[in-house]
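Protein chains in written order, with my numbering: chain A, 1 to 208; chain B, 209 to 714.
Fair warning: there could be bad hints in the mix.
[As the list claims (entries may be wrong)] Below 30 Å or equal to it, Euclidean Cα-Cα: the simulated BS3-like pairs (lysine-lysine) are:
#1 B/K230 to A/K154
#2 A/K20 to B/K297
#3 A/K184 to B/K230
#4 B/K709 to B/K629
#5 A/K184 to B/K297
[What the hints assert, rightly or not] With the Cβ distance kept under 8 Å, some of the chain A side facing chain B (calculated, not the full set):
#6 L11
#7 R73
#8 D76
#9 D175
#10 S176
#11 G192
#12 F193
#13 T205
[Stated by the list, open to error] Where chain B lies over chain A, by a calculated footprint (3+ residues, C-beta under 8 Å):
#14 12 to 23
#15 139 to 151
#16 177 to 190
Since the hints were made in silico from the structure, they are not lab data.
As the structure is a prediction and not an experimental result, all values here were calculated from the model.
For each residue, glycine too, the CB sits at the ideal point set by N, CA and C.
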Amino acid sequence: MAENAQHANVLDIGAEQLGKIYARALLGASLRENTAEQVLDQLRDIVTDALAVNPKLAAAFESPRVSSEEKSRVIDRLFGNSVNPILLRLMKVMAGRGRLGYLGAVSRAADLLHDEVAGRVVAEVSTATPLTDDLRNEVAQRLSQSLGKQVRLKESVDASLVGGMVIRVGDTVYDSSVASRIEKMGRAARDGFARQLLQQSDRFTSGV
Amino acid sequence: MKFNSDEIASVLQAEIEQFDSKIDVREVGTVLEVGDGIARVYGLSGVMAGEMVQFPNGATGLAFNLEENSVGVIILGDFLTIQEGDEVKALGTLLSVPVGDAVVGRVLDPLGNPLDGKGPVQTTQTRPVEIIATGVAERQPVHEPMQTGIKAIDAMTPVGRGQRELIIGDRKTGKTAIAIDAILNQKHTGVKCFYIAIGQKDSAVASIIEVLTRHGAMEYTTVIAAGASAPAPLQYIAPYAGTAMAEHFMYEGGHALVVYDDLSKQATAYRQMSLLMRRPPGREAYPGDVFYCHSRLLERSAKLSKELGGGSITSLPIIETLEGEVSAYIPTNVISITDGQIYLQPDLFFSGIRPAMNAGISVSRVGGAAQIKAMKKVAGGLRLDLAAFRALEAFAQLGTDLDPATQAQLDRGYRMVELLKQPQYQPLSAAEQVVSLFAGTRGHLDDVPIKAVSQWEKDFLQFIRDKHSTLFTDITEKGDLTDEITKRILDVIKQFKSGYKPVVPV
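Looking at chain B on its own, in the form it has when it is part of the complex (with noise of 0.2 Å):
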């Protein structure tokens, strides 16, 4: 391959004759101080909070505390080779990261700079990185589902478009696993998913894109990433930039999943910055207004009006504790801000319960109106037989004798259990999930040992695709459990059973 140097020479001509100078005004201040991310400028009288401002070694940074003397610069780079007395310049805009159809598919930094090496992304729509939320007027109620693709979650805490459903636990208890699942399952459905690792390791956020890559899901995917590594100020505003990408898309009337995983580092972030800008801690340490750090973030994600194209920004955000303790700081204000939350507790998942979700303290407040009708008819009482089921089982292990009608009950809940655990990466389409909750909750389950309950779902799931496919696509379809598709899943039911021998794994 040849380059053409005469073209090159024209193109950058054609460049160099467009060029319009225009003599550069400017507002400008002097680094008094710099350190940890943040620098302390003399100057720049005209400022205004949140404007962009650039230092000569071409790093951007954000006016974060306007004092009387001062201002306070958090500095969104490099900040090592910044020095005292360097000409700080504002910019007078806001902070703004590159938006729509360029950015997805991409590894980007809360600048939307790449970093998967693809080159720049090719593409003049930005939008602001801090604005406020849609108002009350411009939203409608969550109506639709937003499959995860997990039993456990669409069955008995269901995520309609709109919702913003907390996942919380301990650490090492399969928070991103469940996001990951859930992104997996918006493959064709055209909802475009963003996942924002914030203070992660970076072989841990190189992991979950091979994930992601290998199941095809990198087409309508877009990852943020702001590590453990990376300065304090870029993990801050990381949530920001990846709802400002999401937001592009929900105001086009398209619909988004945004994954933050996770808050909780994110407000670590922030309380570094705030603590080394002075200002006042509170509980914990953290700065009084830590709580609107996360609820004008969360308060993004929405479901538009009809007027305004219907879009919406579903939001998983995902916030780890320590030891159980959900009554933290950081998780109380998370848990009351979104509309629901997934708890997964380390006892389950040792236990090899895996989702690891705690039914009886998992809510999600708004996803039932959500929930297809199918849906609601075979996981109804789900819940509370499941919680139902635990304080049985915890009265059961004293060895007292039960009478049968108690003995069936256990059964049927450990069978319940048995079936609601699910494998990674493998999420399930609402028809699937319909079908195996009916034979679940609907006492077909009851002769089967539990240790085969898993092989069995599978196997009949595998039976119904190969020979009965058209079950599936009707019940997508109508979305109902109408008398006719019972009696049909009745019979699928029976013919499987006749000719299969569950098996138990030795």
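Next comes chain A alone, as it looks inside the complex (with noise of 0.2 Å):
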């Protein structure tokens, strides 16, 4: 891997992959210790702040160069009293392993197993206006009972849509707003005008 962090939105499959792999294991531990929304809480600060902020030690985790006994003792000296012995043996392995650079998709593969373990799915919802409290939960009510899992809201406003909502669980796409709706409308006038035009010409026109 790359010692200089990749351009951000470069979605990297086989990172992910990994992620997902190491994420199980970390789940399945800490779930077994009844640890594992404060492991995944702690796991995610981690990324968030100490390595969102701190380039240099992302760049160090993820270097070959360092050594993963190195890497252990900066484990130890940064984080070996304020986080979950689990989470800290985690990033002993991957150390070990060279995995460490990939803490990010742990964290973010971890969030989803546990969401899916716990019955919970995230809901992206789009909408014109932002949402009233009445509205969201509404739109959260009827969502949980149409998928029969608990649902978790993630929010946005998009003034393109014009109107009505359109909401994302997983890859499926629900999409009731006005501006697809208009897009829809228009096609098939033009589709059916079409039609129209070439059966029976003489009809729109008159005289000569």
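Using the supplied hints, reconstruct the complex from the two chains, each of which is provided in its own coordinate frame.
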């Protein structure tokens, strides 16, 4: 892996896959001791606070030139007292296998897996104007009913939708936005008109 | 001409009133990378192999590779305006193309979009592009002739309706010319023709369309063009799309003739896609399933059983060889799939023997059953005779003295070779071929100078058309050489020869 951090929006599928494997191990171990919530929170904190703020630390974690013993010592010194022992051991195992650079992917995958185990799903809701509290509750409730799972909403505002809302759960998108409906209606009218025009073109012209 | 705006408004109003809006539920993914006509997409977790997907720029794609973490999509359209991060939508359907009478006479791209500027294809009928061919029980053996109008082919390697006859040869040996002649000869037979141009120069396709139009063949022909500038995925699906259009007529009990020009370019397009998709390369860097790519296509040419209406698709796949190398990967594959091959050779072509068919190694494995009886009688031993002649000719070149019998065999051979030459775009009817081959194989040409044979034949056929046209209709109707017809042909030949002096061109 390159020592200089990759461009942020590049999705490295290999890393995501690797993260999933370590995440499953981490979740299995922490669930057995009922510390899953705590461990995942701490992992998220490490990724978002410690690594994102200190690119040098992140680079050191990624670098194959820093020996695994050195990395273990750094982990002990920085997090030895503050984090759950399971998480500490995970980081050392990853350091020993030269995978410490994938902590971010592990954190993301572990969050998803934990949601899945707990029967929770994340629904991304886009609306043209910000959701009111009433609407938010109703959307969450209706989604939980139809999906049979506890729903966590992730909201975003997109004025180009004009109205209505677009909900995304996993890879499935439920689109009832005004923008997409107008677009579809426009296409239907255009196709229908073209059909009629070719079938009976004389209807639309008068005189010579 | 004035446009009636009230009428236009009322139509639009009706369309909008009928518009039924449902919540749009779709499975989506995100483009990870795109280029060379393929895209890798993250997400689309429920997509199935071969399913259609849509990109935001309106281009459709096919899920080609389902991998653990991503989906490889081939893009059938403009891939230059697709960007990383674009949302890809699964459409939940298989790729299909418009079919029916509306496509006849049109020039289309492999998705059924018009390329001829004659407006949209007016039909609601579609058929899926990829289907599994009909099984054993739904077929019957080939028994009807599919006349190509070319003497050498109809006499020695006859093609039946439902047969797959490969046309193979080097570049510039007249492969396309044979296929075009076969299409021209389908006039007034009710056979729908499909000419599928894969990876060819657009100028070549344009001139073929021009020839077809000039000879009135576009009335029953559809041209599907994926030129050299079309992306590889379009070149790859073009033959399947054309076959789907032909199948519509076959399943309605009609007959279709499909020309794939040419399958070596399709294999190259498929190789490009497969390599970009990181499928393992095999021999000549083709993927492992390039055989299946062609076999599943050609297997769709069939003669349906009587219960299914007895329709048929005859196909003439074309393969271009390099330096006559028929043992390369793709030629051997397609030779083994098809029911025979017409082998064209450059040396014959340049020595003026056109069509440049090598009679010795060209075969038709099933077409014999489809030959009319009259043709079988006049052309029965022709293939073997010609092969014997070739051997003898090589021997005679040594300059040895020959006994009269051998000399006679040689003379007959020279005249037969001359008789089997045929100009382009002049297909002959079965009856005309029978009469002219009769004159050759029964020795009535032996006293005509070799160089005068073509003109003799031309004038002879014109003589019959002018004075004895019932002879042609009788042969066509009976389909056999009865004693009575044989006698009439002999009389006509005698009559013609008595008043004709062969002209040797200077």
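### Message
Let me make sure I understand: some of the numbered hints might not hold for this structure. Which ones are they, in numerical order?
### Response
7, 8 and 15
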